[in-house]
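Numbering of the sequence shown is given in this note's numbering, commencing with residue 485 and proceeding in unit increments.
Errors might be hidden in some of the hints.
[Unchecked claim] Ranges between beta-carbon positions, derived for each pair: (1) GLY611 to VAL646: 21 to 27 Å; (2) PHE527 to LYS548: 14 to 20 Å; (3) TRP519 to GLY580: 27 to 33 Å.
Since the hints were made in silico from the structure, they are not lab data.
Backbone N, C-alpha and C fix where the C-beta goes; we use that ideal spot for every residue, glycine too.
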Amino acid sequence: MGRTLNLTVLVTFLALTMVGTAYSGNFNDEFDLTWGDHRGKIFSGGKMLSLSLDRVSGSGFKSKKEYLFGRIDMQLKLVAGNSAGTVTAYYLSSEGPTHDEIDFEFLGNETGKPYVLHTNVFAQGKGNREQQFYLWFDPTKNFHTYSLVWRPQHIIFMVDNVPIRVFNNAEQLGVPFPKKQPMRIYSSLWNADDWATRGGLVKTDWSKAPFTAYYRGFNAAACTVSSGASFCDPKFK
């Protein structure tokens, strides 16, 4: 990480964990499986969700609600074993050619080699704001919490409540920042062996399919948007 986080950002983060409109947990109520047929599953009474990838298709889901600022938490357990060539994406996104987007992407690797956590921010259709990290644990052994704190002033990427990246609003310098378009939560598991692992040198080993990632512990302390109206605690704004 190599960068000391501003005290104001940390104070804001701590406050944000305590206020807001919270939605917790049931995948049946909060999400729709959008592609992949039987490869996406909601089970355990809506407390768990899984996505799978095989040679035919990957799978994905999206939130029923749109959000504009707040904190989004999700616990993930990533594809175990030889996950080279696979990408598990968990992100916020609006729609259209000038969309906004805030990304976690987990780039798989060969057995025993670490995942790469790829982060990016799109604003008004423009990205190229990537930063990558190695995690300090094996993300396939247990569930870990991946969080996005999105406010008009900044975006904070967190892993197990540890901030790993802060993207500040620098509109005064001419840098676009996502703050006007409501976004849904999306996740997908898909094959990207043309680039994901060592720049595409390591291909997906389909003999290890299906590849499966697991989700639980969804929570949104966030502003929701419906028919152009926003419903949230004013402290988020």
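Cβ distance range 21 to 27 Å for GLY611 and VAL646, holds or violated: 24 Å, holds
Status of the given 27 to 33 Å range, CB of GLY580 versus CB of TRP519: Given a distance of about 19 Å, which is not inside 27 to 33 Å, the answer is violated.
Hint check for LYS548 and PHE527 - Cβ pair distance inside 14 to 20 Å: With Cβ atoms ~18 Å apart, the hint holds.
In summary, the one numbered hint that this structure violates is 3.
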